[in-house]
Every structure is written in structure tokens, then in C-alpha cells.
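Two chains, two frames, a set of hints: combine them into the complex.
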Amino acid sequence: MSSALNLAHEPVTKIPHGKLAMWAFLASELMFFSGFFGAFIVLRNANYEIFGQGSAHLSVPMALTNTFILIASSLTMALSIYNLEKGNRGNARLFLGLTILGAFGFLIVKYFEYSAKWHDGLFPHQEGHTVFYSFYFLMTGFHALHVIGGIIPMAYMFFKMSTKKGYDHPVKVEVLGLYWHFVDLMWIFIFPALYLMIPYHTAAGH
Amino acid sequence: MGHDHGNVIKEYMKVFYALMILTLLTVGAAAMPFPHDWGTPGDILHVTIGVVIAVIKVIAVMYIFMHLKFDNPMIRFFVYVPVFLFFVLSFALNFLESWAYVH
Numbered sequence: 001m002s003s004a005l006n007l008a009h010e011p012v013t014k015i016p017h018g019k020l021a022m023w024a025f026l027a028s029e030l031m032f033f034s035g036f037f038g039a040f041i042v043l044r045n046a047n048y049e050i051f052g053q054g055s056a057h058l059s060v061p062m063a064l065t066n067t068f069i070l071i072a073s074s075l076t077m078a079l080s081i082y083n084l085e086k087g088n089r090g091n092a093r094l095f096l097g098l099t100i101l102g103a104f105g106f107l108i109v110k111y112f113e114y115s116a117k118w119h120d121g122l123f124p125h126q127e128g129h130t131v132f133y134s135f136y137f138l139m140t141g142f143h144a145l146h147v148i149g150g151i152i153p154m155a156y157m158f159f160k161m162s163t164k165k166g167y168d169h170p171v172k173v174e175v176l177g178l179y180w181h182f183v184d185l186m187w188i189f190i191f192p193a194l195y196l197m198i199p200y201h202t203a204a205g206h
Numbered sequence: 207m208g209h210d211h212g213n214v215i216k217e218y219m220k221v222f223y224a225l226m227i228l229t230l231l232t233v234g235a236a237a238m239p240f241p242h243d244w245g246t247p248g249d250i251l252h253v254t255i256g257v258v259i260a261v262i263k264v265i266a267v268m269y270i271f272m273h274l275k276f277d278n279p280m281i282r283f284f285v286y287v288p289v290f291l292f293f294v295l296s297f298a299l300n301f302l303e304s305w306a307y308v309h
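If you read the sequences in order, they're chains A and B.
Residue numbers for the first sequence follow the numbering used here, beginning at 1 and rising by one.
Residue numbers for the second sequence follow the numbering used here, beginning at 207 and rising by one.
Just so you know, not all the hints are guaranteed correct.
[Stated by the list, open to error] Derived Cβ-Cβ restraints for the label pairs, each shown as a range:
no.: 1; chain 1: A; residue 1: S28; chain 2: B; residue 2: F276; range: 21 to 27 Å
no.: 2; chain 1: B; residue 1: K220; chain 2: A; residue 2: Y114; range: 30 to 36 Å
no.: 3; chain 1: B; residue 1: M280; chain 2: A; residue 2: E49; range: 45 to 51 Å
no.: 4; chain 1: B; residue 1: I215; chain 2: A; residue 2: I148; range: 28 to 34 Å
[Claimed, not checked] Keeping only pairs whose Cα atoms sit at most 25 Å apart, straight-line, the calculated BS3-like set for lysine-lysine is:
no.: 5; chain 1: A; residue 1: K14; chain 2: A; residue 2: K86
no.: 6; chain 1: B; residue 1: K275; chain 2: A; residue 2: K14
no.: 7; chain 1: B; residue 1: K216; chain 2: A; residue 2: K172
no.: 8; chain 1: A; residue 1: K172; chain 2: B; residue 2: K275
no.: 9; chain 1: B; residue 1: K275; chain 2: A; residue 2: K86
no.: 10; chain 1: A; residue 1: K86; chain 2: B; residue 2: K216
no.: 11; chain 1: A; residue 1: K172; chain 2: A; residue 2: K86
no.: 12; chain 1: A; residue 1: K19; chain 2: B; residue 2: K275
no.: 13; chain 1: A; residue 1: K86; chain 2: B; residue 2: K220
Note that these hints are calculated values from the structure, not bench results.
C-beta: ideal position from N, C-alpha, C; glycine also.
In isolation and in its complexed conformation, chain B is listed as follows (with noise of 0.2 Å):
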């Protein structure tokens, strides 16, 4: 495996702590009142900073922790189709809410 520099252990513990802040942020924007003008009925804001935050976190988990950062780069393409279509889906949720909001 190509990576056995030193500062790999830092790398985790960045990702942990980047993984527990971003945890922090979505709970506390879910809490956040953001004005009802802004709003759609199933609230397109606070569905967009959850997706938005969760994606950031998925692709850190991906890249650190599951060692796609130093692995063969077969294997990336091989799990982005996957991964590129579920981030489509969920980003799906934000395109019905704006539908909901347009209609």
C-alpha cells in the first residue's frame, strides 16, 4: 500500500473531528428558524444544508478512511458511478421541493 508517510494518523484525526463538526452544523442548521418566505412546504433550505453537508461528509469517509485517496485509481472509477448516482438521488429531494415551491 502506497501509504505509509507518517502523517496518514493525522489524516484520520482530521477527518474525525471535520466529521464531528459537520455532524454539529447539520443538527444545528436543522434548528436554525430560518424566515417562511424562505421556505417551501417540505422547506427547500434546511433539505439543502442536510444533503449539501451529508455529501461533504460521505466523500471525506470515502477518501480518508476508505483509502480511495491512495488506492488504484480502477477502483475509483468503479465506486464514483455507484456513489454519483446516489448523490443524484438525494439531491432529487431538493429538486420536488423547489417543484413544490414553484407549483
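One chain only, chain A, in its complex shape (with noise of 0.2 Å):
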């Protein structure tokens, strides 16, 4: 029989907890984010007009531009994970706070765009818009939730990496930039699904 101490390293696998751990939690995020979509689409399709008029209101620019900055904090992320192992702890911790001030940016227009929708009267409750703002509210919403969520163990690691001692776990990095990659990828359907499908006889004036 093997001992107790085999076993911490997962001799069937060659996984490390950790990293198996985290895909099994993706696993359920994305079946969380599944029954958003699913509601969404079946909604939608009862309802084009009032969805239609919905994302016609939304910003297409600062949807863009925050896909752009969530594109490019993954690259970071990336980066940062293979510096960490190629041993570069300088180059790690640039882009793991680069991968940061890109999660800041996603907020900070984020923010902006709320406060315009907040400015116009367009909340969950509005007249005619009820659905489509919910859920535009809801998905975006627990989207920015996950940013934050990321900002918290990136700062920790940041901030480690920053100290004499440094911050030498790749594979704890890697976990987390699992996470942020996810992040990164349910932005990628929320984008096109909600900002831009936009039905076409509302858009059009048809």
C-alpha cells in the first residue's frame, strides 16, 4: 500500500488538486451562467420587440471597448503565469499587474455605462423594457461580480510577488488565471447576445 504522502501528489492523474479543483467550479460557473442564457433565449424570442428596443439602447462602443481590455488582461494573465514559471519574477508581476489595472478599466467604463442607463430611466422596471433590462442587469451584473471576485486573489498574489520574498506557486497562478480566462470567455457570448443580436424589425423600423 502506498502512503498517505503518494496520495498528496495524485499519483493517477498527474493533476494538481488545485487546478482540477478549479475546472470542476468552471464546470458549474458556466452551468450558472447556462441558466441566465437559457431564460434569455427562450424570452427573447417571445418578446422581440421589447428586446429589440432593449439592446438598441445599450452602448456598443464600451461594450467593445471593455471586450477589448478583457482580451487583453487575459493576454497578460498568460504572461504573467509563463514568466512565473520560466522563472521571470520582474516580467511575472508586471503583467499580473497590468492583468489587474485591465480588470480596474472593465469597472471603471462599467461603471459608466450604468450610470448612463441609470441617467436615461432604464432599470429592470422601466415600462416595456422590464425583461431585457433585467436580464441585462442580472448578466452583466453578476459578470462584474466575477471581475471583482478576480481583483481579490490577483491583488494577494501582486502583492506577495512584491515582497522580498516573492511569489513562487505557478501552478496557484495558473488556477487563478483559469478563473480569469472564464471570466474573459463568458463576456464573449454576453457581448454579441446582448448588445448586439439586435432583432431585426426593431432596429430596422420594419
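As C-alpha cells, then:
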């Protein structure tokens, strides 16, 4: 019989526990967002008029800016992990810092987007916009919460990397990277679904 | 990790540029005034293009940024099932559009 020590290294799968756990968590996260997408798809098809008017009011330039920010921060995250694995601590820290900046940039744009909606009186309970804006605030709101949830461990690791001792846990940063890429993935679907897929006759005035 | 060959960064940059270009393509396609006859009330052409591009972007991110290309096949199997279900769900948007068109 092998000892408990061997079990700690997971001899069967050769996958670090944290990484496997993160993938399991992300699979459940995907199902969490699937609920929103499923409801969105069904209700959109029953309410083309409301969904068309709703998404026509959204700001594509702001969402596009945020898409670019998220994609760039996904790249810097991957580069941070790569540099940490290679032992380039300085670069790893630099790229993680850039990723955090991207996350804050995303939230700042989101703040301006939300306050513009607020200013125009486009709330979930606005007459005629009820269903669409419920989805808009739920989906982008939960996504923004995920961005905030990513900033906290990233800031912790950045702080640790800034200390004299450094932060030599490439696997942990990689696992956090998986989460961060997932946040990007969800936005890749939310962006076209909410902002771009405007039902034809409402957008073109037919 | 089995991917310490020098062109990893090159691959990252390729994915980055591809994601940027595909994003612009999505926005461009959404703004295209496709002939009205082609569209259902919800406009199947715009929706199909949007969903297909999103699926391509997601596969690129998972394969390269999330290291599925280099990872243990066991993780891949573990990931493919929920992702496949999600892709099926997103294509339901198209099927419902076609349904609306037929009826």
C-alpha cells in the first residue's frame, strides 16, 4: 500500500488538485450562466419587440472597449504565468499588475455604462423594458461581480510578488488564470447576445 | 508542464490578434444590413454569425490561454462535456429563430 504522502501528489491523474478543482468549479459556473442564457433565449424569442428596443439602447462602443480590455488582460495573465514558470519574477509581477489594471479598467467603463442607463431611467422595472433590462443587469452584474472576485486574489498575489520573498507558486497563479480566462469567455458570449443581436424589424424600423 | 518550447508567446500573440479581429468582425457583421428577406423577425443570419464567432473565440481561449492543448487529456474530457452542452444551448438561439421563421 502506498502511503498518504503519495496520495497528496495524486499519482493517478498527475493533475494538481487545485487545478482539477478549478476546472470543476468553472464547469459549475458555466451551468450557472447557462441558466441566464437559457432564459434569455426563450424570452427573447417571445418578446422580439422589447428585446430589440432594449438592446438598441445599449452602448456598443463601451462594450467593445470592455471586450478589448478583457482580451488584453487575458493575454497579460497568460504571459504572467509563463514568466513565473520561467522564473522571470519581475516580468510575472509586471504582467499580473497589468491584468489587475485591465480588471479595474473594465469596472470603470462598466460604471459609466451603468450610470448612463441609470440617468436614462432604464431600470429592470421600466415600463416596456422590463424583461430585457432584467437580463442586462443580471448578466452583466454577475459578470462584473466575477471581475471583482478575480481582482481580490490577483491583488493578493501581486502584493506577495512585491515582497522580498516573492510568490513562487506558478500552479496557484495558473489556477487563478483559468478563472480569469473564464471571466473573459463569459463576456465573449454576453457581448454579442445582449449588445449586438438586435431583432431585425425593431432595429431597422420594419 | 510540457510546453516550454520557445514559441508559446508567439502562440499567445496569435490568439490575441485573432480574438481582436474576430471581435471587430462580430461588430461589423451585426451592423451589416442583410437583405430583409433573409431575416426572421429575430434575424437568424446576424444571430448565427454572432454565435459561430463566439464559439470559435471560446475554443481559441480554452485551447491556448487555458492550456488545454498542452494539458492532461483527462482535463480535456472533463471540460468538453459542459462546454459542449453550453454550445448546444447557444445554438438553441438559432433553432428558435428558424422555428419563428417557419411559423
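Now the hints, each set against the structure:
| no. | hint | result |
| --- | --- | --- |
| 1 | A:S28 with B:F276: 21 to 27 Å | holds, 24 Å |
| 2 | B:K220 with A:Y114: 30 to 36 Å | holds, 34 Å |
| 3 | B:M280 with A:E49: 45 to 51 Å | holds, 48 Å |
| 4 | B:I215 with A:I148: 28 to 34 Å | holds, 29 Å |
| 5 | A:K14 with A:K86 | holds, 21 Å |
| 6 | B:K275 with A:K14 | holds, 16 Å |
| 7 | B:K216 with A:K172 | holds, 24 Å |
| 8 | A:K172 with B:K275 | holds, 19 Å |
| 9 | B:K275 with A:K86 | holds, 19 Å |
| 10 | A:K86 with B:K216 | holds, 16 Å |
| 11 | A:K172 with A:K86 | holds, 15 Å |
| 12 | A:K19 with B:K275 | holds, 15 Å |
| 13 | A:K86 with B:K220 | holds, 20 Å |
In the structure shown, no violation is registered for any of the earlier numbered hints.
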